[in-house]
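*Asks:* Chain order of the listed sequences is A and B.
Per my numbering, the very first residue in the first sequence carries number 1; after that it's consecutive.
Per my numbering, the very first residue in the second sequence carries number 334; after that it's consecutive.
Take the hints with a grain of salt, since some may be wrong.
Computed list of chain A residues with no C-beta within reach of chain B, every gap over 10 Å [stated by the list, open to error]:
{"hint": "1", "residue": "Leu28"}
{"hint": "2", "residue": "Tyr40"}
{"hint": "3", "residue": "Leu60"}
{"hint": "4", "residue": "Arg61"}
{"hint": "5", "residue": "Gln77"}
{"hint": "6", "residue": "Asp90"}
{"hint": "7", "residue": "Ile149"}
{"hint": "8", "residue": "Ser235"}
One side only, chain B facing chain A, incomplete, derived with CB under 8 Å [claimed, not checked]:
{"hint": "9", "residue": "Thr364"}
{"hint": "10", "residue": "Gln368"}
{"hint": "11", "residue": "Ala384"}
{"hint": "12", "residue": "Phe550"}
{"hint": "13", "residue": "Ala834"}
To be clear, the hints were calculated from the coordinates, so they are not data collected in a lab.
Ideal placement from N, C-alpha and C gives every residue a C-beta, glycine not left out.
Residue-level listing of the chains:
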Amino acid sequence: MGVLQYVAKRVGLYLAVLFIGLTITFLLPRIMPTNPIDGYIGQIQARASGALTAEAIAQLRANLEELYGLRGDLFSQYVGFLQRVIFHFDFGPSFAFYPQSVSQIIFTALPWTLGLLLVSTVIAWLLGNLVGLVAGYFHTKRAGSVIEIVGILLYPIPYYILALTVILLLSYVIPLFPLSPSFPAGQMTLTKFGMVIFNSLLPALTLILAGFGWNILSMKALAVATTEEPYVIYSRLKGTSNWTRMMSYVFRNAMLPQVTALALSLGTIFNGALLTEMLFSYPGVGLIMRTAASAGDYNVLYGAITISIIAVATAGLVIDLIYPLLDPRIRHK
Amino acid sequence: MAKLSRYLLAPLAAVLLAGASYAQDMTDVGTPRNQTLIVQTFDGKTANPDAQNPLNNYAIWRGFRELGWSFLWEMDTATGKSYPELAADMPEVLNPEHTKFRIKIRPGVYWSDGVEFTVDDILYTLDTSFKYKDKLSFVFRAVGYIKEGSWKKIDNYTFEVETQAPAYDFNTVMGVYSWGSLFVPVPKHIFEPLGDQVVTFKNAPAVTLGPYKIKEFDPNGSWQLWEKRDDWQRSGWGNLGEPKPKYVLYKDFGAEETRTLAFVQNQYDEDTFMSPDSIAAAKAKNPAIETFSPTLPYHDMNDACSYGIYFNQQKAPFDKPEVRWALALSLDLQTVGITSVSGQFKPAALPIADTPITNPVFYKPLESFLNDLTLSDGYKPFNANFGQELVDKLKTQGTPESELPTGDAVKAGFGAGWWKYDLAEAEKLMNAAGMKKGADGFYTKPDGSPWTFEFTIPSDWNKVMQRVGFSVADAWRKAGFNVTARQVDNGEFTTVQQTNARLDAMVNWSNTCVYNSNWLNSWNSFNAGFVKPADSTEVLNGNYLRVTDPAIFDLVKASTSMEIGSDPFVKNGQEIAKKLTLGMQEINLMNIPTTIPTNSTYWKNYPKQANFYAAPYTWWSSFKKTLINIEPTGK
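Next comes chain B alone, as it looks inside the complex:
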């Protein structure tokens, strides 16, 4: 279907796209268009739109985190720093072990039904989470983190609580890390009278703490309309300023083809993960449609996670660093990036995304490490000029110079460099591992028998990873690796990710998610308890990179008792990044290209590269910053 739309329908659409953009006075849910911000839902339709109880699996992609809930601490996604939201300040640490905390909340915050929000709501949420921990499906984070029964009310606006282990990340576990928090306070006055029924309570329409309340939602799960509260100033984040739209509509505009047409017709304002081809077609027909940046790579590259290739490092021959390095050096990532995402990507060599927030913490300090990195045979694999070479290649392929970055913008746009494409060195490394090419041109096992392996990639539920995966597999086959790319649905993808017996290699992102200096957030599962035999069918509950290095385990363990962001903590993170890179334990490919085109017909001042006041994602809780900063165009 993706190919069909790319090669057959795109030209058809280009012929028929007759610039049929027009102004609307009212939305089709009956609100004034110029007072309504309309965004494409992240998950399309949902089958459970009336599931609005955050203690259970709920219709999460309908604006709850962004508009409805409020959290103790929020994260400024422009800087990666936390700030108090419902809390009055950062948590106060009460003991040297860092297990006891006192939290004060802001007085004067009210639920959307007019009842005041107090510590009682938070403590009720904790009580209920523990009491029904085996029946509620969305309380596991607090239950696994807080010490049972340790909470104590001091007054209506102050409470104390203990954690099960030393905790230096209290504000990002009980508050937001990157895109949301798994601890959502619920209104005691609504939930408590339900007694045991709380485990099946749907909570629709939810009473909310944010400045918006639910006005209406489609029982078929295709849209949900939010309305600004009259008393938004006394909401959970009303202190940040007034959100501009009176209404926010989350709606699924259908398949990408119809979404593109609707976007051209100004029927909505922000899209989610539209493909680069569709964005180009839409931009050509409607000048109000813009990407994150006017120059390549055009899109936001600041997601917490990065795409990379994960191996079953316990399984031969992936247990040999020479083989993993050979696979990395066999990738012409410039060609992979151009064929799969039209060159709209930002390569990242370390096992972390290269963003304006992570760069000064990891990439800049490790620049000389990357440049000086030398393999056991004396070979230096790093290509610091990768970005400029990519620019040159795109230029020769016809990309207008005005859309290509120059000077320092090359590094900002296309990263600090990546690995060389060197098939001769790759072959040398394979030979050193005892693997030579056979008569068919493919590498064989050390005993001369054929070697094939499976490369697991997502099917069309993640089109960017799917395309990247196919392109990587193609490059490997050309380099002499007899690989089969296998597309899987998201459920099976997770099964492969966490079952050694099912994994050879896969494209993945889930163990390389570091938004700021808190690398422990993603790498805390590197410990010996999560190493299983190569052919184990047991479920792996973490350490999806299959790290086995005891030195890394020691660094992780030592860091759990350090202040997040402190020098020693950051140094340990850098050391782990170096070890993972030296052993090529993951071939990190690129930041996640997040394609969020905006339409400035009705609203302007969205977050952009040149105006980066927040991550531009409509499905992150930081979307609240967008709502405060956008302005009506007056149309």
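Isolated chain A, as found in the complex:
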């Protein structure tokens, strides 16, 4: 198969995934048992202590259907949706926060999510894999077992418990970090940037700890198996150093599935981290998606899920495209 043919096939698959994803994204919220207009009217009624007259509610309902673009049949709404998303990347206004635009809501939150999750995911991956590699390569040594125990201890702890334990220890018992940080507003200055970094350390540490254990265990298992491969034994007999064998022979081969896992987890970070946002008062798209789902805010869901689909599909495409560079067996197929 030629390179061009390989790339074209992958890109075609990518576009098909996007199209199917967008279509499902459009349909799913509409079969949810929640109606955004009902949700909004419920809020309004609660604010009015139930005092709104039925006529006022009927009028409001008609106005909202018009404003939200929910008039017309499903097909015409679908066509309009595809046109807006594909050609203008426009998801319209939020229903729950009308007239706020979906793009503004998401793009205000997204840098926070990306900043935290991107950094912590990569650090957890790097640390976990390096530690796992050492543990796997030296698996016959006691230190290797000790490192494995760290992974075994960390990996099964539910994130919620891990996060609360970290908060209790580092924000309450030893109050090094704020319990509920206030991220600064206004023009970003060096001091404010420092505050952002400081306030992000605790959630980042927790996410790293949560991701660290799995990476240790999986890399250790891969490294142990790879260490026993004939080409590694052969290189040892040829007199290569431990460092060379570990990095060039074991790590390079063992990291292939780990790279796939990293790419997929990088794709999913666009979903945000709901528990992190809730427990650490951290801004992000997770809470926005949760609020949108409970309020039936289709447009926000469309926006957030579409970005997520694009991210995951793109991550898959990138992996497909760079895999031949990492793995010569694919390159020479």
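Fit chain B to the known structure of chain A by using the hints.
*Replies:* Showing chain B alone in chain A's frame:
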């Protein structure tokens, strides 16, 4: 998650809570802590913090009603009486039909940018509301109430206006009823130059009429800082007195677990709907943390609404009063209240909350009605001794006597009584309705086929109702009702509430919201136009109790032409309450327990049971009374 935190994390927190309370000099938004009142936001974070245009859906829970806006009339939540705020007096009625009004406003009130507030601002707000009524999402109340184009400026401080129908509630529709008003005057000098752009105008930071102005807000929606205006005396309610805090910070302190820890650390002063378990844990570690009352039920019970069970009364067998009564008598509400809210509740038998304001209007006059109430088979279902029995039960379960009410306080704390728990009578009533228990122990339909029904309850967006709902469902199943409790998100909750085809029974509050004698505020939707067939998928825009009694409709209609609070008006309200109760058209359960613990490290004299100068809610416009009455501790 709720269970996890209750059973697993509470003990963990108790072990680790090491009394790490400490004093702070500055808040993390850079204001002196002892000059800043800090409250937990009602809605956590918001995604639209820069939406500050009150003509549209805006970031309402960031202090706007309490600190920023000002209203024509406000309500004294300690008494339920209205008083003029921006208005100079109560509205003057100009015709016998009660449709024309003259309103005078106070001169000398200024916006936060220094421009004087005049009638022009009010009339511009009305003009704009009508002009863009199909594009602005928050103007429907005035648009549905005021007659279009009827307003007329008399002078800078006087205007006249007409309503679409006779209006005896002008001051509570165009002003505040209980927690806020849907008519918020906007500054003409800011809005008018925008022309048609007013429909998308965000208005951030808003120019305000209240004594506070916005100093800064988090673009991510987790906090908003207000600063007292230098000219607070000429603000919309500066005439009430000086608000004490120089700054007020509305902030989300995150999940309840971190909120509790932050509260123990004195990081904020007032919480919103913290769970009783967390409050108990926090109180144990920080003596400055207090509940509304030192004795049970500990919390404020004066919300306008009450929790109750609503039925699809058009659908068999809920159309039979015997079945609804059987369901009521199958509830051991003492056990329900103890298991769901640790006994921290105030039962209410009438379809209205039992508060110091509603009690003399409804509960006291209807005391003999409740005591004498007799079902068709001669059975008297009311248990006037419910409160004392609850006290005794709590005592046997280990509640310290010092925390239990005694004497008259039992009635004040645990209400005037509730229905008996009588499974034998419930079975008798079910049998009278032709429904007998089958071999599996569950009641069957009259034809002997299995009968199941769905009980809709909130998921964890309302934890108290969720717990109460599960406990009710559990009691019913034990009594032989094959019920399934279904948790739903708030959007679906509203859909079920207003769609007959989706409703069997649900726990709800929205049609039982009566703060004072103005019962019409909640029950005005009882009319024949809002009765739909049992399986209708059409949206119901009111009458969520599914009342069908023409006599009730007539009482409501007649009352719309009566002076609110007049004897005949109140009598009609009592008559409706009696009819709803006789038919058990709603199983009213309890007042809404509003858990608002306070921390008196930096501020004191919050509203409490023994010092009830205002409803203690930080998200009601009456919070202004709290700001005026609290005092710095000097720390």
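*Asks:* Could you run down the list of hints and mark each one as holding or not?
*Replies:* Evaluation of the provided hints:
Interface exclusion of Leu28 (chain A) from chain B stands, the closest Cβ pair being 15 Å apart, more than 10 Å. The Cβ of Tyr40 (chain A) does not lie farther than 10 Å from every Cβ of chain B; its closest approach is about 7 Å, which violates its non-interface assignment. Here Leu60 (chain A) does not stay apart from chain B, with its beta-carbon only about 5 Å from theirs, under the 10 Å limit. The beta carbon of Arg61 (chain A) is not kept farther than 10 Å from every beta carbon of chain B, the shortest such distance being approximately 7 Å.
Residue placement check: Gln77 (chain A) keeps its beta carbon more than 10 Å from all beta carbons of chain B (closest about 19 Å). With a minimum CB-CB distance of about 15 Å to chain B, Asp90 (chain A) clears the 10 Å threshold, and the non-interface call stands. The Cβ of Ile149 (chain A) lies farther than 10 Å from every Cβ of chain B, with a closest approach of about 23 Å, so its non-interface assignment holds. The claim that Ser235 (chain A) lies off the interface holds: its Cβ sits roughly 50 Å from the closest Cβ of chain B, which is beyond the 10 Å cut-off.
Hint status for Thr364 (chain B) relative to chain A: violated, with the closest Cβ pair at about 11 Å, above 8 Å. With its C-beta approaching chain A no nearer than about 17 Å, Gln368 (chain B) sits outside the 8 Å limit, and its interface hint is violated. This hint holds: Ala384 (chain B) has a C-beta 6 Å from the nearest C-beta of chain A, less than the 8 Å allowed. For Phe550 (chain B), the interface hint holds, since its Cβ comes within 8 Å of a Cβ in chain A; the closest pair sits about 6 Å apart.
Against a cut-off of 8 Å between C-beta atoms, the interface hint on Ala834 (chain B) is violated, since the closest Cβ of chain A lies about 12 Å away.
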